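Asks: Sequence:
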Amino acid sequence: MTVIYMPKQSNGTVHSSKDLNQLIDYVMNPEKTNNFEYVSGQNILDIHSTCDEMLATRTMANTLKNKPRKNEIYGYHFVQSFSPDDHLTPEQVHEIGCKTMKEYLGNSAEFIIATHTDKPHLHNHIVLNATNPLTLNKFQQSKNDLERLKEISDKISKEYGCKIIDRPND
1 MTVIYMPKQS
11 NGTVHSSKDL
21 NQLIDYVMNP
31 EKTNNFEYVS
41 GQNILDIHST
51 CDEMLATRTM
61 ANTLKNKPRK
71 NEIYGYHFVQ
81 SFSPDDHLTP
91 EQVHEIGCKT
101 MKEYLGNSAE
111 FIIATHTDKP
121 HLHNHIVLNA
131 TNPLTLNKFQ
141 QSKNDLERLK
151 EISDKISKEY
161 GCKIIDRPND
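Residues 1 to 170 (this note's numbering) are what the sequence shown spells out, left to right.
Calculated directly from the structure, the hints in this document are not laboratory data.
A couple of the hints might just be wrong.
For lysine-lysine, the following DSS-like pairs were computed, each having C-alpha atoms within a straight-line distance of at most 25 Å [unchecked claim]:
#1 Lys-155 / Lys-143
#2 Lys-32 / Lys-143
#3 Lys-8 / Lys-70
#4 Lys-102 / Lys-8
#5 Lys-18 / Lys-8
#6 Lys-99 / Lys-119
#7 Lys-65 / Lys-18
#8 Lys-67 / Lys-102
#9 Lys-32 / Lys-119
#10 Lys-119 / Lys-138
#11 Lys-99 / Lys-65
#12 Lys-119 / Lys-65
#13 Lys-163 / Lys-150
#14 Lys-102 / Lys-32
Now the in silico label distances, taken between C-beta atoms and shown as ranges [stated by the list, open to error]:
#15 Gln-22 / Ile-164: 15 to 25 Å
#16 Lys-102 / Asp-25: 20 to 30 Å
#17 Lys-158 / Asn-66: 19 to 29 Å
#18 Ser-17 / Leu-45: 14 to 24 Å
#19 Pro-7 / Lys-67: 43 to 53 Å
#20 Ser-108 / Gln-22: 33 to 43 Å
#21 Thr-13 / Lys-119: 33 to 43 Å
#22 Phe-36 / Lys-155: 22 to 32 Å
#23 Ile-164 / Thr-135: 30 to 40 Å
#24 Asn-34 / Pro-7: 33 to 43 Å
#25 His-48 / Lys-18: 13 to 23 Å
#26 Asn-11 / Lys-102: 17 to 27 Å
Keep in mind that this is a model prediction, so the values were computed, not measured.
Ideal placement from N, C-alpha and C gives every residue a C-beta, glycine not left out.
Input sequences plus hints: build the corresponding full structure.
Replies: The following block contains the structure:
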């Protein structure tokens with residue numbers, strides 16, 4: 001059984017560079033990711049400088065567009081969780097996460113995926129930069145987008161033999 005969601009405590013959004021840094025540190029924790037084995041990024045040159053790279057993208061966008069903003073969203077946090085009953089390996093869980101996000105966002109988004117292996121239920125943490133590094137536009141997410149992400153996650157998870165459950169309307 002696969003579930004993908006945005007954590008409720010933050011509504012899945014990150015509102016400061018400090019919070020982005022803390023989230024990335026937590027997500028990439030070597031004790032949870034088998035010493036970074038299950039961490040990868042898209043449009044990230046070095047996973048160990050993810051926060052700096054995401055902040056540089058944001059700064060470049062604000063400078064070039066001459067639109068420094070206050071109270072803006074720096075990033076988004078998603079969790080994709082799997083049941084132990086699905087009998088997936090950490091490699092498979094990580095692969096499902098990567099495929100899900102690439103189908104959802106295409107190749108231009110800037111994000112990291114970290115697969116946590118410290119609990120019986122393997123799960124991916126995904127941190128998406130709110131600023132697209134190619135277009136320099138902000139990611140705009142609607143309820144329909146999150147539903148589309150869930151559908152993509154279900155489709156790809158099913159390809160790996162995961163049980164998919166019907167969800168009540170959110």
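Asks: Quick one: which hint numbers does this structure break? Sort them smallest to largest.
Replies: 2, 8, 10, 11, 12, 15, 17, 19, 20, 21, 24
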